[in-house]
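Student: Listed below, chain by chain, are the residues.
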Amino acid sequence: MVNYFLTIYLVNMRKVDFDSKTIKEHGLSNSEYKKICELLNRSPNLLELGIFSAMWNEHCSYKSSKIHLKKLPTKSKDVIQGPGENAGIIDIGDDQAIVFKIESHNHPSYIEPYQGAATGVGGILRDVFTMGARPIANLNSIHFGSPKHPKTKNLLIGVVKGIGGYGNCVGIPTIGGETYFDESYNGNILVNAMSLGLVKKEKIFYSKASGIDNPIIYVGSKTGRDGIHGASMASSNFDDKTEEKKPTVQVGDPFTEKLLLEACQELMRDDSIVAIQDMGAAGLTSSSVEMAAKGSLGMEINLNNVPCRELNMSPYEMMLSESQERMLIILNAAKEKNAKKIFEKWNLDFANIGKTIKTKKLILKFNKNIVGDIPIEALSIKAPVYDRKFIKKNIPKKQIISKDKFNKLKIIDTLIKLISHPNISNKRWVWEQYDHTVMANTLQKPGGNSGVVRIEKTNKAIAATIDSSAEYCVAHPLTGGKQIVCESWRNLISVGAKPIAITNCLNFGNPEKKNTMGEFIDCVEGISQACNYLKYPVVSGNVSFYNETKEKSIKPTPTIGGVGLIKDYSKMITMNLKSENNILIVVGKTLGYLGQSLFSRIILKNKKGPPPEINLFNEKNNGETILELIDKKYILSAHDISTGGILVSLVEMCIAGNIGVKIDSPKTLVNLYEFFFGEDQGRYIIEIKNDNFNEVSNILDKNSVFFEKIGTVQKDKLTLKNEFDIFIKELIDYNNKWFKSYIS
Amino acid sequence: MKLSVIVTLKKEVLDPQGKVIQQTIGNMGIKNVSNIRQGKYFELEINEKNYEMAKSKAEDICKRLLANLVIEDFKIINN
Amino acid sequence: MKLSVIVTLKKEVLDPQGKVIQQTIGNMGIKNVSNIRQGKYFELEINEKNYEMAKSKAEDICKRLLANLVIEDFKIINN
Amino acid sequence: MRSSVVIFPGSNCDKDIAVALEKFNFKNLMVWHNETTLPKSDLVVLPGGFSYGDYLRTGCIAAKSNIINGVIEFAKKGGLVLGICNGFQILIETGLLPGVLIRNKNLNFLCKNVYLKITNNKNNFLSKFNKEIIKLHIAHNEGNYYVDERNLKTLEDDNLIAFKYCDKKGNIAEENNPNGSIKNIAGIFNKKQNILGMMPHPERMIDKYLSGEDGKLFFNNIFSKHA
Ligand SMILES: Nc1ncnc2c1ncn2[C@@H]1O[C@H](COP(=O)(O)OP(=O)(O)O)[C@@H](O)[C@H]1O
Ligand SMILES: [Mg+2]
Chain A
107 MVNYFLTIYL VNMRKVDFDS KTIKEHGLSN SEYKKICELL NRSPNLLELG IFSAMWNEHC
167 SYKSSKIHLK KLPTKSKDVI QGPGENAGII DIGDDQAIVF KIESHNHPSY IEPYQGAATG
227 VGGILRDVFT MGARPIANLN SIHFGSPKHP KTKNLLIGVV KGIGGYGNCV GIPTIGGETY
287 FDESYNGNIL VNAMSLGLVK KEKIFYSKAS GIDNPIIYVG SKTGRDGIHG ASMASSNFDD
347 KTEEKKPTVQ VGDPFTEKLL LEACQELMRD DSIVAIQDMG AAGLTSSSVE MAAKGSLGME
407 INLNNVPCRE LNMSPYEMML SESQERMLII LNAAKEKNAK KIFEKWNLDF ANIGKTIKTK
467 KLILKFNKNI VGDIPIEALS IKAPVYDRKF IKKNIPKKQI ISKDKFNKLK IIDTLIKLIS
527 HPNISNKRWV WEQYDHTVMA NTLQKPGGNS GVVRIEKTNK AIAATIDSSA EYCVAHPLTG
587 GKQIVCESWR NLISVGAKPI AITNCLNFGN PEKKNTMGEF IDCVEGISQA CNYLKYPVVS
647 GNVSFYNETK EKSIKPTPTI GGVGLIKDYS KMITMNLKSE NNILIVVGKT LGYLGQSLFS
707 RIILKNKKGP PPEINLFNEK NNGETILELI DKKYILSAHD ISTGGILVSL VEMCIAGNIG
767 VKIDSPKTLV NLYEFFFGED QGRYIIEIKN DNFNEVSNIL DKNSVFFEKI GTVQKDKLTL
827 KNEFDIFIKE LIDYNNKWFK SYIS
Chain B
36 MKLSVIVTLK KEVLDPQGKV IQQTIGNMGI KNVSNIRQGK YFELEINEKN YEMAKSKAED
96 ICKRLLANLV IEDFKIINN
Chain C
36 MKLSVIVTLK KEVLDPQGKV IQQTIGNMGI KNVSNIRQGK YFELEINEKN YEMAKSKAED
96 ICKRLLANLV IEDFKIINN
Chain D
9 MRSSVVIFPG SNCDKDIAVA LEKFNFKNLM VWHNETTLPK SDLVVLPGGF SYGDYLRTGC
69 IAAKSNIING VIEFAKKGGL VLGICNGFQI LIETGLLPGV LIRNKNLNFL CKNVYLKITN
129 NKNNFLSKFN KEIIKLHIAH NEGNYYVDER NLKTLEDDNL IAFKYCDKKG NIAEENNPNG
189 SIKNIAGIFN KKQNILGMMP HPERMIDKYL SGEDGKLFFN NIFSKHA
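Top line first, the protein sequences correspond to chains A, B, C and D. If you read the first sequence in our numbering, its first letter stands for residue 107, the second for the next number, and so on. If you read the second sequence in our numbering, its first letter stands for residue 36, the second for the next number, and so on. If you read the third sequence in our numbering, its first letter stands for residue 36, the second for the next number, and so on. If you read the fourth sequence in our numbering, its first letter stands for residue 9, the second for the next number, and so on.
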């Protein structure tokens, strides 16, 4: 391997081209290297090659996804900032806005679960507070391999501790998430972290640089040798050499993050900042280039001024380091002294490392020499974009289940099996390790339909949820893509929130493979259709490709982070059943569709067939009708019907309320298994007072929403005539058992 | 047999704890302390006949549990 | 001058971490490990001319900061 | 009644407690750790969080900060001092309260609601509580209280234990002990009972929309005593 660290080549001093091994080590193809030479009109030196490698890799350039992401709807009357900034922003009235985004940290978390997950949280927090917002809630979606896989347990423990360790220390409540096990993640776990912040509309900060000769200020932690080439690691498959790449793992320091947050908030009180951006993937390189590109100007950086943690760091290392807890600020020149004072107060480094220049170039100086000189456009708009080849998946053939398969089963045994399954079991062990009440505004903690935090000094609250459905997506990516958006929408509706916008984290395998690319394109198409129809735009996101180990890809796993607004939180709805004699209604039509259901996969061991169809009209109509009922105060508790069907959702409501239900014998034609475990979409269970039944059915009828009564709340038992009669306490035990025994 | 294990962060890895401790020492008015790194220390009571066997067991434990070799090194010492 | 410090919990103080590690080692199928205690390890770079002065400075730092003498003991070792 | 909340680098419940104090009519001031004197106050609060990242030992570095001498002086004169969570840990490191808070017994951070039995209500903090068993929230990694036998005896003999973890009905047993604390201790007083250190967060339970309201009793109590 070339010693990148000791050699400094001066610009124009070398004529020799790099060999293809070095080029490959930088994650570049030979044709990309050729393009670099053309853009520069010469061959790059090693530092420049490193910079191109960082900016042109998949993670930073979105070269395989760019043309497809354009299909996503990104606008609505509530959107202040769509994709393209550090995070998306939506209007929530009263001159307030919510800034939010999701980020993946998959590869680092597999290599070092604690630090990988921790720095994932740190990164997404900076994306949010760099825009002027104070973070108010975190969520996460974590996917692991089969529980039986020897690595899974340690990865789970490490990731959960890492997420908690960072978020708890900074003092941001983690209000929701999802935890999923499937063998397709055996060699490639997913760690997606989402964060939301609150900002005053007139106090939003952007990353677009402007003005010439404005100082470029580096703040936060010192730069070390950590994480060099992290972004290119995220842009390649895992292989046997992954272990060797270990030194690139970064260590997070949440304490410094907290100081950085407070210092930035203090600096943001006046108009000192022209532009600001966190140093995320590809560190100083991507932050400086992106800010310059957006502002159509150049930057001159004197690398001798970069605060370094270690002696003799080379320009290559400084530019590519992914040390955490750092920010880059373009400052109003007159405000430098004052700004410096603030960062000194918080005990953080503050260094003037250069200035904005008119020529659209990135000029790097070191020891009085120019060691790098690259046109900004070569790194940004002229970076490669690919329209990769793809194969689309046809919708699989419907499965016909023979009746005798059901005859061997019992409803109650099936139910117990499902609620004891790792993916349905109670995730308390996970979220009790996250501080979910710090900031003292948490109205709904993890474990419900959505997390909810209120906005101080208003009646408003923000609901947020994070969802994915790899099984549906792998069966039919287009339907899967639609389904997650709808599930996210339902989760928000169920707490009484009006869904406003989403962020998305698209976790896929190798885009150079036609099948993976096809999955990606179809999922994006599905997301796009649903978002369009529901007027639920995408305001930010992240793409994570190359989630593969030894050529084995993960299931396509787009993760959707949904955000909704509750105008008056005294009307918020929770999912715990409230009191005896209230009646329960299933809203939405139950056809008993079992394809890709938990029941099919776990009980029948049948993984074939298409996922349930999505009817966007019903989805919207049902959801809006639920909101109308909530607004009119008819609904006492609500829960969407998702994985596991009616019975699993019902049990979740019973467990949450520690109260039972007497289930009515279904009058439908479908058999009991189809009725209770089918995963038809667009459905909810609501609890209402018996006395209100007429008013409620009038509203449902008026809106042409199908509904049926399904039972009555009763004391401590779940019963279905001629089938079962079981204490809720027992169900709680089954639901808790798996996680407890797995961890201990 | 009692063995001790010292686990330290690799040199190039950030040590947030060491950094804060060092600053605090400075703030307390103690001079001339130029660098501090924090690590972990373990005492193991291993019932093996000879030191070599105990040591190899300790090594195994370090690799599999006590040290995170991605970011840490370890050292076994004989008390 | 580089000095090392080891801070250990006093014998009578409960060590939850040591206990969990011990259990884990048992669960991992490693036998004959009868007791584990966890402590902290520090490396200090002290700019003093002689060892005695450096040591007395380290001692001061231990007493005032690194160890909580209510529950911990410390030991300074010369590298 | 006047209160001061000290902010250390890494404190993260400072705003929450300030909101709670103001809601219950305290005139509150925030005090930066670097200050050397406290503003005139009737109550000083050391808030929760991760002062200095909880590095080295939880609370220990904050205990060396400038303002601490002021807090000690204030306490010695009989002023009310309340340390919540990390604040409790800091009070211990300053030596104002005995014992030590170590890692939770299962080594996990733990965030949940717990029941507490008030074991001494003859003091400025808890005298007006109309019930013996309350529900509060805990969120900590190091809440496992330990104290040697001699000091434990003093705590018990002098009735200096404020709360113990219990169940809904007030049973104090090992299965209701979330973190391994000796004798299920969740909070203690100093000898003069003007200093209270506690792991639970009353400021997270101050109205009906949060997961409980028992924190209210707390702030009302202190206020009524000194208004
Ligand atoms: N990693 C996690 N972090 C926080 N909360 C989690 C996590 N995993 C699961 N949860 C919580 O557990 C509950 C159940 O999760 P899930 O089964 O995915 O819900 P749903 O299917 O309704 O979206 C959710 O309320 C979620 O907030
Ligand atoms: Mg749900």
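One or more of the hints may lead you astray.
Listed below are the simulated DSS-like cross-link pairs for lysine-lysine, each with C-alpha atoms no more than 27 angstroms apart in a straight line [unchecked claim]:
| id | chain 1 | residue 1 | chain 2 | residue 2 |
| --- | --- | --- | --- | --- |
| 1 | C | K46 | C | K84 |
| 2 | D | K216 | A | K566 |
| 3 | A | K181 | A | K843 |
| 4 | C | K46 | B | K66 |
| 5 | D | K23 | A | K309 |
| 6 | A | K656 | A | K673 |
| 7 | A | K267 | B | K45 |
| 8 | B | K37 | C | K84 |
| 9 | C | K46 | B | K46 |
| 10 | D | K31 | A | K306 |
| 11 | A | K843 | D | K31 |
| 12 | C | K37 | B | K84 |
| 13 | B | K37 | B | K75 |
| 14 | A | K604 | D | K216 |
It should be emphasised that the hints constitute simulated quantities derived from the structure, not laboratory data.
Student: So if I understand the rule, the pair passes when the alpha-carbon distance is 27 angstroms or less; does K31/D with K306/A pass?
Tutor: 23 angstroms, holds
Student: Hey, K37/C versus K84/B, does the alpha-carbon distance stay inside 27 angstroms?
Tutor: 35 angstroms, violated
Student: For the pair we were handed, K46/C and K46/B, check the Cα-Cα distance against 27 angstroms.
Tutor: 32 angstroms, violated
Student: Does the alpha-carbon distance linking K843/A and K31/D stay inside the 27 angstroms limit?
Tutor: 42 angstroms, violated
Student: Tell me if the straight-line CA distance from K23/D to K309/A falls inside 27 angstroms.
Tutor: Measuring from Cα to Cα gives roughly 20 angstroms; hence the hint holds.
Student: Sort out whether K45/B lies within 27 angstroms of K267/A, counting only the CA atoms.
Tutor: Given pair K267/A, K45/B holds - Cα atoms ~21 angstroms apart, limit 27 angstroms.
Student: When you check the alpha-carbon spacing of K604/A and K216/D, does it fall within 27 angstroms?
Tutor: Holds, at roughly 23 angstroms.
Student: Take the C-alpha atoms of K216/D and K566/A, compute the straight-line distance between them, and say whether it is at most 27 angstroms.
Tutor: 15 angstroms, holds
Student: Is K656/A within 27 angstroms of K673/A, Cα to Cα?
Tutor: 49 angstroms, violated
Student: Taking only the CA atoms, is the gap from K37/B to K75/B under or equal to 27 angstroms?
Tutor: Within the cut-off at roughly 17 angstroms; holds.
Student: Can the restraint linking K181/A and K843/A be considered satisfied, given a maximum Cα separation of 27 angstroms?
Tutor: Between K181/A and K843/A the Cα gap is close to 45 angstroms, so the pair fails against 27 angstroms, i.e. violated.
Student: K37/B and K84/C were given as a pair; does the straight-line alpha-carbon distance stay at or below 27 angstroms?
Tutor: 34 angstroms, violated
Against the hints set out earlier in the document, violations occur for numbers 1, 3, 4, 6, 8, 9, 11 and 12.
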